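Using the hints provided, position chain B relative to the given structure of chain A.
Sequences listed follow chains A and B, in order.
Counting along the first sequence from 1, when you hit position 42 you're at 42 in our numbering, and nothing is skipped either side.
When you read off a place in the second sequence, starting at 1, and then add 1000, the result is the number in our numbering.
All the given hints hold, so there is nothing to weed out.
Derived CB-CB ranges, DEER-like:
hint, chain 1, residue 1, chain 2, residue 2, range
1, A, Arg43, B, Trp1280, 20 to 26 Å
2, B, Tyr1295, A, Ala71, 38 to 44 Å
3, A, Ser76, B, Asp1120, 32 to 38 Å
In silico lysine-lysine, DSS-like type, Cα no more than 27 Å apart, as pairs:
hint, chain 1, residue 1, chain 2, residue 2
4, B, Lys1478, A, Lys8
5, B, Lys1265, A, Lys6
6, A, Lys19, B, Lys1259
7, B, Lys1265, A, Lys8
8, A, Lys3, A, Lys19
9, A, Lys8, A, Lys19
10, B, Lys1622, B, Lys1450
Just so you know, these hints were derived from the structure itself, not from any lab.
This structure is a prediction, so every number in the text was calculated from the model and none was measured.
Don't be surprised by glycine CBs; every beta carbon is placed ideally from N, CA and C.
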Amino acid sequence: MEKHVKLKDMRTGQRGVVKDLGMEGRESLRLMEMGLLPGTQIRFVRRAPLGGPLEVEMRGFHLSLRAQEAASIRVSIR
Amino acid sequence: MALVGNPNSGKTTLFNALTGLRQKVGNYPGVTVEWKEGTFYSQHGHPVRILDLPGSYSLNARSPDEKILVEALLGRIPVLPEPTAVVCCVDASNLERNLYMATQVIELGLPTVVALNMMDVASSRGIRIDVEQLEKRLGVPVIPCEASHGKGIMEVRLALSQHPLPVPTLKMDKPHLISEAVDDLLPVLPHRESGNTLLSRGEARLMLSCDEDPGFGGPIWTRVLLWQQRFDREVPGWRSDWITARYAWIGELMHHSVKRFNPNKPTLSERADDFLLHPWIGFPVLALVMGALFYCIFTVAVPFMEALDGLIAWTGANAGALLPEGQLRSLVVDGIFGGVGGIVVFLPQILFLFFFIAMLESTGYMARAAFILDRLMNRVGLHGRSFIPLLSSYACAVPGIMATRTIESPKDRLVTILVAPFMTCSARLPVYLVMIAAMLPTGPGHALTKSLILLILYFLGTIVALVFAWIFRKTLLKGPSPTMVMELPPYRLPRWESIFHEMFDRSWMFLKRAGTIIFALSILLWFMMNYPNTENEQILPMDQSGQELVIESDAGVGKSFAGMLGHGLEPVFRPLGYDWRITMGLISSFAAREVFVSTMAIIYRVDEEESDSLVAAFRGSKREDGSQLFTPLTCTSVLVFFVFALQCISTIAVVRRETQSWRWPIFQFCYMFAFAWITAFLVYQGGQLLGFA
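So that you can see chain B by itself, here it is in the shape it has in the complex:
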């Protein structure tokens, strides 16, 4: 069984109420980007599988989300069973437009039940619906309900328990020639098990109205395209006629079954928008919301992160104590706990970020943020909706890129994906902090300068992201900026349980995606740093003078595979002012950027937990010619490189997944690397020319 409906129709809430399986509820159009499955029990106790399909305004397969929807409805997704019936969720307070897709679904010919959701909202707005009349005209059962209060869910369940479910017989006027085309397509359609010709006719009709192939493939789709071309020639404007006819039919239905009292009374939501979207107040409010978000991520989350960090170190040490001294212990403590811990530590930030996003989405403010910011985003050729993915990328590019699915236009989406990793993610933060500390002398007087540099780095990444978005939009992914037709859904009170569920759900996805890759890479990295094990020396006791340690470390890590790689690639990075050690740190940072810090700690054999000692080691570190390695200029060069380079396997993996090809992640990696290298080169060489040592 499939559950379909418009975005914001409360479809996911209905799904939760039916299945009891708590999951995502959002108010931002297109929140449900992937289908979800649940089970409910019919009146007779039979389990029924139900799929929550992406929300959409029509069945014409224009965006990736909509394509999934149509493919799933037609049973063209191999992993999903062919639906035997459809529950169509309809927002009673927004009936007219909701019925557009509802009638398309009914016409398909699958047994359909319409769940008339949000009856409470409708009646509070003075909308009275004659359900019997609606049922008669649509020819399917119509069940009024309030999914968010659990009202009417039983009735929906009962309606779905009928066996067999009645087959709808809705007939609307079609443009000329359509039935001829349907007759022609019928024999080539793959036979359904039921051999239901009514359904096959519905399928053929639906395909004729689709812009993209809903998973039927070559020969059948070619035939559909041929028919569409013939329509274009013989019945110009047939597509818009079809839409107009449908709305005319719905208009007639509305006239007979819906009464509206006080239609001009402004709703609470409208009055809230007068304030929140006010020309002068709108931006400050948005800035305030974003400020709160950043405050939570970078201040409130910090104690949690520190506690988590301590917990991981403690667990690692205890686990290590159970193992015999030697290679295995080192692998577990340094390799696995050190590496995976490095990413798990960001969990509090990720949780806060997802909490905010879920809350903004479910209240409806997210669409307003897109509305306010569209002008700015449009200047660089992006859509207001690109804002959320870019914002998420401040925490981590992986969830940010996952969030681009709500962007309808493929080009906009790709541009957003390509520039998202420029946004300073939290994994860069430890690197920034250490490098900034190494750059400036310690002391209270420099605290302000330090935060200023940090701010500049954030700013730099953001600006470059927007500049590159503009460049891509003008060159590689040229094209008219697509329409920004977006619904501004009414504000709704946040539903806390769903927000928390959503937050944990997405964070878990992040952990799973990032964690598994990091786990494997941590082991690989540990191996590369520890083998070949030339000396088998014991860990040297901590020494206060950095220089001696450096010489010692060169003998150990320097001879490992990673060290060899660092030495080998040193010439590439020498123009940027890096020696083999920084190069090695860079290479290791491709696992995750913050690994740079732990790698440097291993190279310099200092305790990673005490960043002061690492900074001290940096200060004492010398080049082969005896000059200081970490001059402010080298530090700046490293910082610039980290701002721009795509050093993150998880991001590359997720881009590969989202773009369905290796072409884009490889391109993205190369252009970002080249840009990082060039700017770091300019900074270092230019700085030297200007006399900064």
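If we strip away everything but chain A, and leave its shape as in the complex, we get:
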């Protein structure tokens, strides 16, 4: 059973596969170059205190991105 959620709504420790980034232009390219692209397996690690940025593990390293960027990224969870 596959379910789609926004990256920002993921729970700590949850795993999923990126469906689409939901943004265009430079921002999406930067994310993609860092290795976050459709099909990438990710693990949601934590969010910073006070609703700050999120931390995600993927391809063996940790990446932080803001909640507003993570709001448009859709992730499929099994």
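Here is chain B on its own, set in the frame of chain A:
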């Protein structure tokens, strides 16, 4: 030869290990903001020049750092030689993403050697890499190494000693039309000496993927832009397709050459983050770290500063004793030693600050601080990375502004530069201390009030900096706040030798930048204060009653160029409650803020070393109408002015350098001056209206 790699791949450590030239090693993404050069000897004893280029995640030239990297790789920086080969440093424990840029570099077509660094970290995480398979697929020599332990460095050196180095022949699928565009661009590219078409094709391909001109200029770049527009029309999404294709290729490679055991076992670094980034513990830990930093700067550094101050005064006096009494001695002792000494005295603080920054960077905590603080910084439209430059500005805005280079977005960077001088730097401290002392009667009971006022002043500067950042972000430098995509590198043990090296390196840069300007200005200032020499009077003996001294001094310094300027500009500052003497102090403080104190000491002819006597002179000082000059209200007005005004030539010079134009430093000076004047005006006039004399 050029050395490239991702941030945190240990590139700089590899550089140090190869060249033996100790320098910067950092763990904060983008620490190496300028290229560095070193020399190593090949197997046959030939010296080889090697450039350490800024770390980057790709070759698409999006931030100033990355642009430098691409320009240097393509040989477009006039002062640097065109690279003949590339060493690509790759983090073995983070291979997949590191290979993204590595393959871009290999595709460029320059002879390339991949240094597979941090093999120890990789194997401790259960990552097994089939180096032969990797070599076969990438088509370039791959040398496993551990730069931090000096392992494999010899092998890297040997690989680089081959002559000629093999040219890579990596071929990946490209979006449709790319090869047509490359063929079209080939004839217009400036011919390289070698006439190497393979390389020219690589260059053309790289340019097509760039967002900004990597130094080729008008006609060629226009042509590239035309092609990019055509791609946008005919192959929508070509940029992301290109990235996806590259990662797909890398995925295939990873599948065949890398095995990962126990991938789900949390690393030590992850467990440390569970604690250090904990919602409840994260902030207190950060506060503790910052508290330690401030404690070191403002308490531990003080005895060192006092000793240094004594040493400078002693040296100055001894140097003076060698010279005949008169103008030359005065120039050396008061002008040069007094002026330059004024800035050198802050060296212990600067050293402590840089030590902390280097340590936080090299351990990886700096990225966490940015992670925790991003929410707060984002509220005023800044990036978590603006935190470090702003923090550095508490010691001195010059290193702070130099540190803004790690901020990717030009707008964020500019806003940070524009507000950084609001942070209370250590040069303001002597002024604050003297003015606060003049404001309150002496006595043990006021110690607490004094520190409270000091704290308020620090707070005031910080708040106003954030408010102005918010205003600029909403008006002048409007735009969506850029993404905060940042790597959180694994924690690493601090490498002390590099930290100390880094600390001395940066402090030396500070001394050189600030010192040279201050040196010239000290001489100018001395000249302005001592000429025209109307009376040639001897230094008056110290008198206990301040008032007589004031009258005497008016005859001496008051007639000098600086005095004339003070008299001339007095009307501008009279609404703030200043007379010509304070005005003169303000003018002199543009050399450096703490010069205000020494100028006032010269005006009142008191020994600068004994601040008590200056405070006493302040207390006895009268206006022309006989009322007291340094009332608490005047003191407050002066303090407020010092909190906000940009009275620092060194800062202006460094802003000019970093923004590459005079527009921004002039704007910055004007807006800060206007704000300082208005607030001091409101304080003074408002205070009078409310009945504070």
